[in-house]
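So the sequences go chain by chain: X, L and H. Under my numbering, the first residue of the first sequence is numbered 1, with each subsequent residue one higher. Under my numbering, the first residue of the second sequence is numbered 1, with each subsequent residue one higher. Under my numbering, the first residue of the third sequence is numbered 1, with each subsequent residue one higher.
Treat the hints as calculated values from the structure; they're not laboratory data. Misleading hints may appear alongside valid ones.
Unchecked claim - Cut-off 25 Å, straight-line C-alpha distance, at most; resulting in silico cross-link-like pairs (DMTMM-like, lysine to aspartate or glutamate):
#: 1; chain 1: L; residue 1: 194; chain 2: L; residue 2: 274
#: 2; chain 1: L; residue 1: 52; chain 2: H; residue 2: 252
#: 3; chain 1: L; residue 1: 52; chain 2: H; residue 2: 209
Said to hold, decoys possible - Estimated spans, in silico, between C-beta atoms of each pair:
#: 4; chain 1: L; residue 1: 104; chain 2: H; residue 2: 309; range: 29 to 35 Å
#: 5; chain 1: L; residue 1: 104; chain 2: X; residue 2: 75; range: 30 to 36 Å
#: 6; chain 1: X; residue 1: 147; chain 2: L; residue 2: 458; range: 35 to 41 Å
#: 7; chain 1: L; residue 1: 76; chain 2: X; residue 2: 12; range: 27 to 33 Å
Bear in mind the structure is a predicted one, so any value in this text is a computation, not a measurement. The beta carbon of each residue, even a glycine, is placed where N, CA and C say it ideally should be.
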Amino acid sequence: MKSFARDLYKNRIWLLMVLPGTIWLLLFSYLPMFGQVLAFKKFRIDPDGFFASVMNSEWVGFDNFKYLFSTNDAWIITRNTLVYNIIFIVVGLIAAVATAILLSELINKRLSKVYQTSILFPHFISWVIGSYFVFTFLSTENGLLNHVLAWFHVDPVSWYSESKYWPFILVFMSLWKGVGYGSIVYLASIVGIDRTYYEAAMIDGASKWKQIKHVTLPMLKPLMIILTIMNIGRIFNSDFGLFYQVPRDSGALYSVTNVIDTFVYRGLMNLGDIGMSTAAGLYQSAVGFILVIITNYIVRKIDEESALF
Amino acid sequence: MKKKLGILLALVLSIGTILSACSSKEDSAAEKSGKNGQPYEIKWYTVGTPQKDTDKVFAEVNKYLKKKINATVKMTQIDWGDWAQKSQVMINSGEPFDIIFTNGTDYVQNAQKGAFYAIDDMLNNEGKALKQTIDPALLEGIKIDGKTYGVPTNKEAARQSVYTFNKRLVDKYHFDITKVKTLEDLEPMLKVIKEKEPKITPMATFKAYLPFDYIFNGEMPFGIPFEGDRDHVVNPFATDVAMQTYKTMHSYYKAGYLKEDAATSKDSWPMDVENWFVRMGDSQPYADLLWSRSAKYDVVSVPAEQPVTINDSVSGSIQAISATSKNPKKAMEFLTLLNTDEYLRNLVDKGIEGVHYKKNSDGTIEDLPARIDRYNLPTYSLGNHFILYLYKNDPKDKWEKFKEFNESATAAPTLGFHFNSDPVRSELAAITNISKEFYPALATGSVDPESYLPKFNKKLKEAGLDKVLKEIQKQFDDWKKTQK
Amino acid sequence: MPKLEQNQPTVTMPSSLEGMKGGGIKKRRKKYRDPQALPPVVNTIVSVLLGILAITCIFPFIYVIIISFTSEESIVRNGFQLIPKEWSLDAYHYLWSMKEQLFRSYGVTIFITIVGTIISVFMITFYAYAISRPQFKYRKFFTFLAFFTMLFSGGLVPTYIVITQFLHLKDTIWALILPLSMNAFYIIIMRTFFLKSVSESILESARIDGASELRIFFQIIFPLSLPGIATIALFSTLGYWNDWFTALLYIDNPNLVPLQSLLMKIEANLEFMRQNMDIANMQSSLFNTIPQESAKMAMVVIATLPIAVSYPFFQKYFISGLTIGGVKE
Numbered sequence: 001m002k003s004f005a006r007d008l009y010k011n012r013i014w015l016l017m018v019l020p021g022t023i024w025l026l027l028f029s030y031l032p033m034f035g036q037v038l039a040f041k042k043f044r045i046d047p048d049g050f051f052a053s054v055m056n057s058e059w060v061g062f063d064n065f066k067y068l069f070s071t072n073d074a075w076i077i078t079r080n081t082l083v084y085n086i087i088f089i090v091v092g093l094i095a096a097v098a099t100a101i102l103l104s105e106l107i108n109k110r111l112s113k114v115y116q117t118s119i120l121f122p123h124f125i126s127w128v129i130g131s132y133f134v135f136t137f138l139s140t141e142n143g144l145l146n147h148v149l150a151w152f153h154v155d156p157v158s159w160y161s162e163s164k165y166w167p168f169i170l171v172f173m174s175l176w177k178g179v180g181y182g183s184i185v186y187l188a189s190i191v192g193i194d195r196t197y198y199e200a201a202m203i204d205g206a207s208k209w210k211q212i213k214h215v216t217l218p219m220l221k222p223l224m225i226i227l228t229i230m231n232i233g234r235i236f237n238s239d240f241g242l243f244y245q246v247p248r249d250s251g252a253l254y255s256v257t258n259v260i261d262t263f264v265y266r267g268l269m270n271l272g273d274i275g276m277s278t279a280a281g282l283y284q285s286a287v288g289f290i291l292v293i294i295t296n297y298i299v300r301k302i303d304e305e306s307a308l309f
Numbered sequence: 001m002k003k004k005l006g007i008l009l010a011l012v013l014s015i016g017t018i019l020s021a022c023s024s025k026e027d028s029a030a031e032k033s034g035k036n037g038q039p040y041e042i043k044w045y046t047v048g049t050p051q052k053d054t055d056k057v058f059a060e061v062n063k064y065l066k067k068k069i070n071a072t073v074k075m076t077q078i079d080w081g082d083w084a085q086k087s088q089v090m091i092n093s094g095e096p097f098d099i100i101f102t103n104g105t106d107y108v109q110n111a112q113k114g115a116f117y118a119i120d121d122m123l124n125n126e127g128k129a130l131k132q133t134i135d136p137a138l139l140e141g142i143k144i145d146g147k148t149y150g151v152p153t154n155k156e157a158a159r160q161s162v163y164t165f166n167k168r169l170v171d172k173y174h175f176d177i178t179k180v181k182t183l184e185d186l187e188p189m190l191k192v193i194k195e196k197e198p199k200i201t202p203m204a205t206f207k208a209y210l211p212f213d214y215i216f217n218g219e220m221p222f223g224i225p226f227e228g229d230r231d232h233v234v235n236p237f238a239t240d241v242a243m244q245t246y247k248t249m250h251s252y253y254k255a256g257y258l259k260e261d262a263a264t265s266k267d268s269w270p271m272d273v274e275n276w277f278v279r280m281g282d283s284q285p286y287a288d289l290l291w292s293r294s295a296k297y298d299v300v301s302v303p304a305e306q307p308v309t310i311n312d313s314v315s316g317s318i319q320a321i322s323a324t325s326k327n328p329k330k331a332m333e334f335l336t337l338l339n340t341d342e343y344l345r346n347l348v349d350k351g352i353e354g355v356h357y358k359k360n361s362d363g364t365i366e367d368l369p370a371r372i373d374r375y376n377l378p379t380y381s382l383g384n385h386f387i388l389y390l391y392k393n394d395p396k397d398k399w400e401k402f403k404e405f406n407e408s409a410t411a412a413p414t415l416g417f418h419f420n421s422d423p424v425r426s427e428l429a430a431i432t433n434i435s436k437e438f439y440p441a442l443a444t445g446s447v448d449p450e451s452y453l454p455k456f457n458k459k460l461k462e463a464g465l466d467k468v469l470k471e472i473q474k475q476f477d478d479w480k481k482t483q484k
Numbered sequence: 001m002p003k004l005e006q007n008q009p010t011v012t013m014p015s016s017l018e019g020m021k022g023g024g025i026k027k028r029r030k031k032y033r034d035p036q037a038l039p040p041v042v043n044t045i046v047s048v049l050l051g052i053l054a055i056t057c058i059f060p061f062i063y064v065i066i067i068s069f070t071s072e073e074s075i076v077r078n079g080f081q082l083i084p085k086e087w088s089l090d091a092y093h094y095l096w097s098m099k100e101q102l103f104r105s106y107g108v109t110i111f112i113t114i115v116g117t118i119i120s121v122f123m124i125t126f127y128a129y130a131i132s133r134p135q136f137k138y139r140k141f142f143t144f145l146a147f148f149t150m151l152f153s154g155g156l157v158p159t160y161i162v163i164t165q166f167l168h169l170k171d172t173i174w175a176l177i178l179p180l181s182m183n184a185f186y187i188i189i190m191r192t193f194f195l196k197s198v199s200e201s202i203l204e205s206a207r208i209d210g211a212s213e214l215r216i217f218f219q220i221i222f223p224l225s226l227p228g229i230a231t232i233a234l235f236s237t238l239g240y241w242n243d244w245f246t247a248l249l250y251i252d253n254p255n256l257v258p259l260q261s262l263l264m265k266i267e268a269n270l271e272f273m274r275q276n277m278d279i280a281n282m283q284s285s286l287f288n289t290i291p292q293e294s295a296k297m298a299m300v301v302i303a304t305l306p307i308a309v310s311y312p313f314f315q316k317y318f319i320s321g322l323t324i325g326g327v328k329e
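For reference, chain X alone in the conformation it holds in the complex (with noise of 0.2 Å):
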């Protein structure tokens, strides 16, 4: 006990620079955690308030998570969830790394600068617009997709239902909105790389390529990996703004865009369920937490310093 306070003392610096951000974490994120017992009670209102009325619901075991995988639509949601952020994990990393490599190397900086803000902008636009936006576009009748095939006499497509072109379209919509959010942080990282060793590496004849393949990869390579980690704790969740108002919620399209995020928000319309809710989500937690530590393992294994902890 007293060398723990002695540890503390020793720390205490280190201790007060994590104080405000403890503190914070304790009240805002851990201390509502309590609310996830919900996943395993039927919720009612008590009316002396919300502690009351968790502490008085009924536990239901496991009731709340039957829904996720009692039907067919179950194996579905869950395959295209995974599938989905598989790839956009894949797809995602490249691109963004890519641009920011790209931009940096651009000679003229102005330009680089003007792409660099153009590039933000989609993360602005909320999927309620950008939905409108592909609409222009896979309109039936004012699409101008189906204008461009008219010309060269091709049949129109009923885009929002014909379900085989959808993967696509939503791996590019989901790349179009997050490419240039996700290249700052690499291009923050790659102007940080010590200006040295690029000249170690020109001075030993490496072509750009071999400079970019020697130097800047492997000094992405902890951030791209802390990422990545970061993107598979969250496989099971999904963008639902991408899912649901891009697709403009068509029924035809289902098989390919309904995820677990859209599932539940349906599913749970004419239940208004907060215990279901609660159980989707600490299923989705749980599953991600899983995958994040055997992840961290495997990385640790390999390359002790790139794992998170």
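Fit chains L and H to the given chain X structure using the hints.
Relative to chain X, chains L and H alone:
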């Protein structure tokens, strides 16, 4: 090591607790009122865009209320689009307030969860006058397991779906719309419009009407037919009438009477843009007059069904007392006054005389600009319509016609029956997803029902349709026993 | 090796130490090509590629601007078009008519963005720095403490209760600032930056000179980590500027509604009208005051432009080579 971390955590946790304790002292201010003869402040949340003159009007309201029931009201409006989410969080979190607006399935779910205060006893005491004023069908229809959980707005209690036509086009081509009874009867007219009026979409997108009393809503596969066997709940999508109707709709769609993107359309077809020939909507007495007024050209309607009192139409607008209310009696006194006192009802709804509206010599009123700009409240959500002042251009017998309309309506089989979905929650979550997948396309005619309806029904069955139907039937039978 | 001063424009000597940034313009004037730069052909290809990407990204925004100048009637009749049949300034007239609210909302947004960003940059960098130092015995615990909150959140209702009933923040400006001021994601990113760009050897020499940890933090770490800090600051600026949900939950008072929340209200109200056409058509006066699609797009324009053009301000700190090379092993 682990132990030390535990101690550390405890240390930090306690700091957090101390911090939160520091800031939770000031609760008492709100509670103090109401005691020692001070007027109790009623916290009232209702729907609509917050208005600039709310404080001004409620200063008047409170002056009156202090005198009458020794209370004041703090009304907070929550904007239309925010309402659903925000009110739900407030209710679930057990926030203390007194009165809240609610309707439809939200009302049923929240009442079943215990969010509202049952007012049956108070209706015989504080709310005696209220009970006498409100249409008994309304009070009966919103009962859940025999208890009343809110004050319904006294207005039209029934629903009547109508086909509404653009009168200019009806006159132009001399259509006889009085003959229209069913969806099929529209065909000859739609054909003419399609050929001769290229700028007009013959049908404003709507979902085809099926004559069922729905347990949830039109897209969920549970209903009791209005005609025929009114004792058994069935899947409407498995009936011949559904197949027939959707076939007709599909033939209209193929003929180009509807927009091609009808199934996913988000067009709201505002009345004031004249780009449609026929649409479907819910009527009330003098609805055509209101619609024509907002459209700025004439419209005319024919009924698609006889007026019928259904659960949805009686629970369209309810002011409920929260289970967390610190003084439900005062809240009840206020609601009673709001629904029976002409001065208060009009003050809350129309604002201050001379500022927001002016009174004509014949007792009718006209809005002043300030009513539109600074105090524009949604009449339907607030309370009893029948004591509202009439506008200058309103028909004199407007409220009488409302009462006649309500009396002429027949009660739907499930009026007053509210299904408790707890035993079949998982099935319902899956079924809702399936309905959302198929219903919009079928009901707008976008797909061929010959192949789609069977697929729909098959998926419903796999998701446990029969189990849910059985559960509904069981609860429905039990409920009926208590009704006699 | 000499200390690099990248952002001093006075450096005229073409030096191989000059990185890819800075000084470029001067060099080109002298027809000197930096050996580290891309070959001209590749550079052109890259410029065109990135140009296409930039246009793809900016194009929707131009489209939003076009819709904001389209007449409402034209939208209802013909849908959204890239070249509308009927132009109109109505949307901006509408915005002008609500200028009081707009200016107030601008004020709220700017205030919470600035104050919030300052608070969160300090909280995050302190936290991230501490957990990036090997001397800190409990760094793994605190890393995990932060990381865990990324995956498991409290959920809407419990958070609402903590903020309204424990902290009593409802209807105060702090309800818009505090809930967003920490973010585990940013902490972890920042930690990675610190791990990579701040080597222990620099700190050792400072410690030997007797500098306290706090002084080291402000005088050495802060300038060293500027690109990282600028990134976090940018992210949290964007986060505060774009946030509308906290306002939806915690703000009733129209004087405290931020800009994005105003925009989302319009969006949500339009959606409500669509779903409740009956109410809309019966009580037309009620919804006449609710803005329509074009007004919404005009709102997007005025809510997005100021923040989008603020990016170069942060970018200024994305400067390279501040690492003190001499100390690095």
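Pair hint residue 52 of chain L and residue 209 of chain H, alpha-carbon separation not exceeding 25 Å
violated (63 Å)
A range of 30 to 36 Å was offered for this pair. Does it hold for the Cβ distance of residue 104 of chain L and residue 75 of chain X?
holds (33 Å)
Within a Cα-Cα threshold of 25 Å, do residue 52 of chain L and residue 252 of chain H meet the stated pairing?
Distance ~13 Å between residue 52 of chain L and residue 252 of chain H Cα, so the pair holds.
Cβ separation of residue 76 of chain L and residue 12 of chain X, checked against the hinted range 27 to 33 Å
violated (47 Å)
Do the alpha carbons of residue 194 of chain L and residue 274 of chain L lie within 25 Å of each other, as the hint requires?
Holds, at about 15 Å.
Quick check on a hinted range of 35 to 41 Å for residue 147 of chain X and residue 458 of chain L, using CB atoms only.
Since residue 147 of chain X and residue 458 of chain L have Cβ atoms about 38 Å apart, the given range 35 to 41 Å holds.
Between residue 104 of chain L and residue 309 of chain H, does the beta-carbon spacing fit 29 to 35 Å?
Given range 29 to 35 Å: violated, Cβ gap about 45 Å.
Hints 3, 4, 7 from the earlier list are contradicted by this structure; the remaining hints agree with it.
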